[in-house]
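Use the sequences and the hints to build the structure in full.
Read top to bottom, the protein sequences are chains A and B.
Just so you know, this note's numbering puts 49 at position 28 of the first sequence, and the rest follows in order with no gaps.
Just so you know, this note's numbering puts 1553 at position 354 of the second sequence, and the rest follows in order with no gaps.
Hint data in this document are derived by calculation from the structure and do not stem from the laboratory.
The reader is advised that the hints may include incorrect statements.
[Claimed, not checked] Some but not every residue of chain A turned toward chain B, in silico, with C-beta under 10 angstroms:
hint : residue
1    : Ser95
2    : Phe101
3    : Ala103
4    : Gln112
5    : Leu119
6    : Pro128
7    : Ser145
8    : Ala170
9    : Glu171
10   : Arg184
Each residue gets a CB set at the ideal place from its N, CA and C atoms; glycine is no exception.
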Amino acid sequence: MTHILHLKNLQFSWPGQPPVIELDQLHLAPGEHLFIQGPSGSGKTTLLNLITGLQPGYHGAVTVAGRELARLSSRARDQFRADHMGLLFQQFNLLPYLNLVDNVTLPCTLSAARRTTASQDSGSVDREAERLLTRLQLPPQLFRQRRTAELSIGQQQRVAAARALIGRPALIIADEPTSALDHASRDHFIQLLFEELEQSGSTLLMVSHDPALAARFPRHLQLGAATIC
Amino acid sequence: MLIRLAWSSLRSRWATALLTLCTIALSTALLLGVQQIREHTRQNFMATVAGTDLIVGARSGPIQLLLYSLFHIGSATSNIQWSSHETLQHDARVDWTIPLSLGDSHRGYRVVGTSSDLFRHYRYADQQALSFAAGEPFNDLFSIVLGAEVARQLGYRLGDPVIIAHGSGNTSFMQHKHMPFKISGILQPTGTPLDRALLVSLEGLEAVHLGWRAGVPLPGLEVSPEQARQRNLTPKEVTAILVGLKSRLHTFHLQRELNQRRTDPLTAILPGVALQELWQLLGVAEKALLAVSASALLIGMIGMLAVLLAATQQRRHEIAILRALGCPPARVALLLIQESLLLTLGGLLLGILLLQAGLALLQAPLLSQFGLMLSLGALTPTQWQICALVLALGLISGLAPALLAWRLASASHLIRRN
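And the structure:
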């Protein structure tokens, strides 16, 4: 079975400091959901940076969708990230001057593969963006009329989720996506996210401090003094 | 797609973008305008001297002779004896001569005394002969032919009476009221100073000055038009002579001969050479004007550079988002270059529109005040080169923020440190 994510003997340390990441093995199959937790400074963000290919200088191997990232050139790594990874950030990181649809379709402008998949899913990239936004329960009258800077926090987070999901990337990487939401909004958002992931079949790797979310994940990775998988 | 992103980004910063656009547009319009005036001035001047081999006048500087004889700028210090004209006219090497007599005016426009040979032999621009929009050359002693601009501005028609004034000012109290001229013809526009001139026969000019001494009419010596027709009206002197030669091979020889004459000292000039001397004289001012307008453009570009650099620093987050989504640094840099190019292109197009609007507004005053005929329409090859230069400068201005964006193009800070 091909793993979507395979980490082997991964070790990373900041200059002059002891290793912050030490992982012997980690496999994630297609469609699996992994919850990463750990105290501050335990290396959660660093691990995400290593997996996305944004942080070089590690030992071991990071293989995503069958490709070892260290073997790719910088340019190829960027393209690989655009093709295979959907990123969902704590601060949403939408382009404030674009409307909802333009924000969601942004990954498709950088990846032909995701553009093709999105077009196949709904007939066009824009229609797929509208489908995802509808599915994430955003009112259609906002899609093109509003810039994302004008939306509420909860609405922005759902736009960011639609942007990560468009074109069904193999791996969704989410970093504290619910930290700015209240409990009710958080549960609703996670419910919607999981439903869409169910359909797309993408693998989810989520970092969070929220223990209430942990129960929804079948697999957990505890980072810290003793890494437990 | 990147271009849409660049456009959206610019729209989100519309106030600074608009100001930058206006700066570029104004400086581009200024530079193109200066170039247009330079080119048109040269074209107009070249067109005026196109068909003349030699200009002969009283002993003076070549540029002065060129300016007063053909361009009606300034005045002659002295005149040529009519006998000198006759000698020249009968010279075997000379094909034709056009005598010119200046000094009178009508409502600010120069009156030029000449012979009918002007209509037969004078050539302008691309060896074009004069043609009439209405009427015909002189058909009477008191016939007057108007240049196109004079007829248009003053609203004259064929047959209208015209009273000419002594002297060349805008207003003159010494008018030849007793001998009005009658318009026999109106010329087609030529783009030369003839458009702003009134042409009368040398004999007609001689007639209106009968009974005048030293520029004033002598009381009791007034002559009626009928009496004038009975007199010998052969002019005693003329201001300048345009000469066409049978063969251009004789040009230098005849010029040297005329310049070395001891009786009735003359200056003979080659109009093309004198024009070159004039350009050399004006070249410094022209270059200074160009340098000032080029500096304005440069200042505009530096302004754009400052705006883009400041915006790039503020857009670190936006750049990081694009990087995280898989946008390579080169594409991020390209986005910034596209923004700079969009601004420059917008500024350039607006500048061309401003230039055309400015020309449309200034066309009439420039023609009436300076005799400069500026035409609207397609840009000249040099102006296109300036446009290309502006775009290249825009591209170069975009490089610095693009390099900065490349340097800042790190996405790692998007994911918080813990």
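Next item on the list: Any hints from earlier that this structure breaks? Give me their numbers in increasing order, please.
Entry: Checked against the structure, the hints that fail are numbers 7 and 9, while the rest are satisfied.
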